[in-house]
Amino acid sequence: MTLGAARAGPAKRASGAAAPPLPYDEMRDAKSRVRPHYAALAARIETLSADELAERQKTLERFFLLQGITFTVYGAESSTERIIPTDLLPRIIPADEWKTIEAGLTQRLRALNMFLADIYSGQQILMDGVVPRDLVLRAPSYRREMQNLYVPHQAYANVCGSDLIRQPDGKFAVLEDNLRVPSGVSYMLANREASKRVFPGTFRGAGVRAIDRYPDLLLSTLKSMAADWRPNPQVVVLTPGVYNSAYFEHAYLARLMGVPLVEGRDIVVHDNLVYMRTTTGLRRIDVIYRRVDDDFIDPLTFRRDSGLGSAGLFNAYRAGNVVICNAPGTGVADDKAVYAYVPEIVRYYLGEDAILPNIETFLCREPAQLSHVLANLDKLVVKAVGASGGYGMLVGPHSTRAQREAFAAALQADPDNYVAQPTIQLSTAPCLVDHAIESRHVDLRPFILSGEKIVVTPGALTRVALRKGSLVVNSSQGGGSKDTWVLTDRKELSP
Amino acid sequence: MMLARVADSLYWMGRYVERAEHLCRLSDVMLTATLDRTESATQIARIALAAVGDPDDAAKARNPYDAARALVLDREDSGSVASSLARARENARQVRDQITTETWERLNLIHLRMSDPKAARTFAEGSQAFLHDTIADLHLFKGAADATMSHGEGWRFFQLGVYLERAQLIGALLEVCFGDRGRRGVTDHSALTSLLRMGCALEPYLRVYTADMQPRYILQFLLLDEDFPRSVRFCTARIEEHLTSISRHVEAMGLTGPDRLAGRLRARLQYADIGEVQAGGSSAFLGAVLDECAQVHRQVYETFVAYTLEQRLPA
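Residue numbers (numbering that gives the first Met the number 0), protein chains in the order written: chain A, 0 to 494; chain B, 0 to 314.
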């Protein structure tokens, strides 16, 4: 199939407005030449007919269906289980760009863990007025119960999945930090399995860095959180159950780590010790990799109506008899309003400038910024502070007048609850859509582990906005994903 | 050591898979009998329907095709093949981390085909091919489990489910044919052949007893044969074997496991004599066997899954 030089055209805009910069094209430079790191893949695609590509796409989808790699879309009536849309053309990141990403993510997570350790102990950063006190302490994700609780290695967020986007100038920036229960890593691993089948030759030749150590690195990260005096700590994965949209991922990780996948009803807390019900009686649990939100961990401490967690779990955690990963209350560091202060937070704790910049963010709690946001609703993206998954969001340029009016009213009623950012033209990458190769907007979600040390897996989940022109990549909103190849540094390979 | 909930799911996965396979076979035999247009077609359909506990067997047996289609595809009926497979797969999904990818893929594939909107049409176009493929795939599933899963505790719970279900299904089938609840005994040649087919036993039977179709031999074969994998005796021997292995750990804790019951059940079949069974009334014997199977099931649940915490908390 010939690769047309067509780029994703800029969205239609009202006449008279300044033209927004064209999005960065991952495969082609400004003169439409294929970038060197995409050359091999582009050459391979040229040799394949549209039918052959469609055939490979089918193979890929069948692989996902057979494995039961499915996702539950909330609000969809037809079926509860669907395959996550997956694109067969990998997204490629050269070694030098990855180096910056890796350094930037490591720096950022180190600072955010220090921030959490500070917030949940002496709160020095609030005393020094770097971050407004009420912004942190009034955030719904702040957990007073976590105050003065010992967390090994100050590793609050053991698993972090940050959302990066590439701006029109080619630089990566952080759009969001996910420090609560980030998901998607199983898709990263499954996409890789699939793309090895679809493009084996190109894959071998490209020098793609391996990501298959993720499960054992995750296990050793979790084990490093256990108390020293427990010689062979029992790690478990806690899932809300088979009806959760990410259940496949929970089972997948438990299987690859070789640890039990437990539900709340399998857990018994007695005398501040945590056990699971096995066929031969009760067995101690030392570390819980929980994939249940803070609110649902323990009905005695958090939400009383929760049936997903286990009564008494939090007290056992406070007593130091079990470790919950990620720690409850990490959400305060990925709060969309606190986000605006992350560059300051990095400078405060590490004395360094942030390697990965933030996206410019307007806090609607500030009256001056609120009026700017209200005046520019058609150009900005407005997000509710507490929401995630692409819900509660207004994408200005793609919105209707009625939607903007509804948001304006909501903003004025509860300004603290909203932030706004300029509409960023996410970079585009080639995707196979209806038998043709077209550009679609993509983001990048790498996964960072932090326990005794911080490890960035050399790979990521690239999320794709499959609807033409759309900028929303969330799987719950018509997004898909594709494999991400991080290339080996050739210079380091040759002697 | 494994989670109690997981053991329970593996056990039920085994039971549902076995049930689905058995129902496919009953439907297949029912449909084959209709094709031959023999006079016993209705009787065969009645046997099959009564064996799955359908109270309307007499009425439905007059239209074996509709009865078979409902038995296979009716999602409203919790006892159909489609429902059994959906539950087997749901149980497998809950313990996805415990079963190998090879095993999971087989079961998922069968479920996807059964729940495909086109399934009804495929069944209409060639019901026997459809049933044949489903049975073959279920064999592949069991084979994959056998060949790729570790033969540890989890696998034993799965096998326990398979054999306990099988013992009960074959027992129920024999009760319908040879029990003395006022039903006319099955003596017709083609009905007897069909009965053996329902137990997947025709060829192995012929090798032992030749083509001499005698109700007494058939009862002896399906109930007491030592080597045939679908005889009740064979099933109970496996049940005892798996339970003995599973119970080792709880017995080490000073508790009694359900293996004593299983041993008694196995002995009952191992030392039975077909003459004595018939003299004392097959119904009484089969009833006792089915009762003890149900007891084993209850005790497995009480010992391994739903035990009271007071007994197991550290002192």
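No wet-lab data here; the hints were simulated from the structure.
Where a beta carbon is used, it is the ideal one built from N, C-alpha and C, also for glycine.
Take these hints with a grain of salt, some might be off.
Computed Cβ-Cβ distance ranges for the label pairs, DEER-style [as the list claims (entries may be wrong)]: (1) B/A146 - A/E451: 38 to 46 Å; (2) A/R143 - B/G262: 56 to 64 Å; (3) A/R137 - B/D145: 45 to 53 Å.
Structure-based check of each hint:
no., hint, in the structure
1, B/A146 - A/E451: 38 to 46 Å, "40 Å, holds"
2, A/R143 - B/G262: 56 to 64 Å, "58 Å, holds"
3, A/R137 - B/D145: 45 to 53 Å, "59 Å, violated"
In this structure, the one hint that does not hold is number 3.
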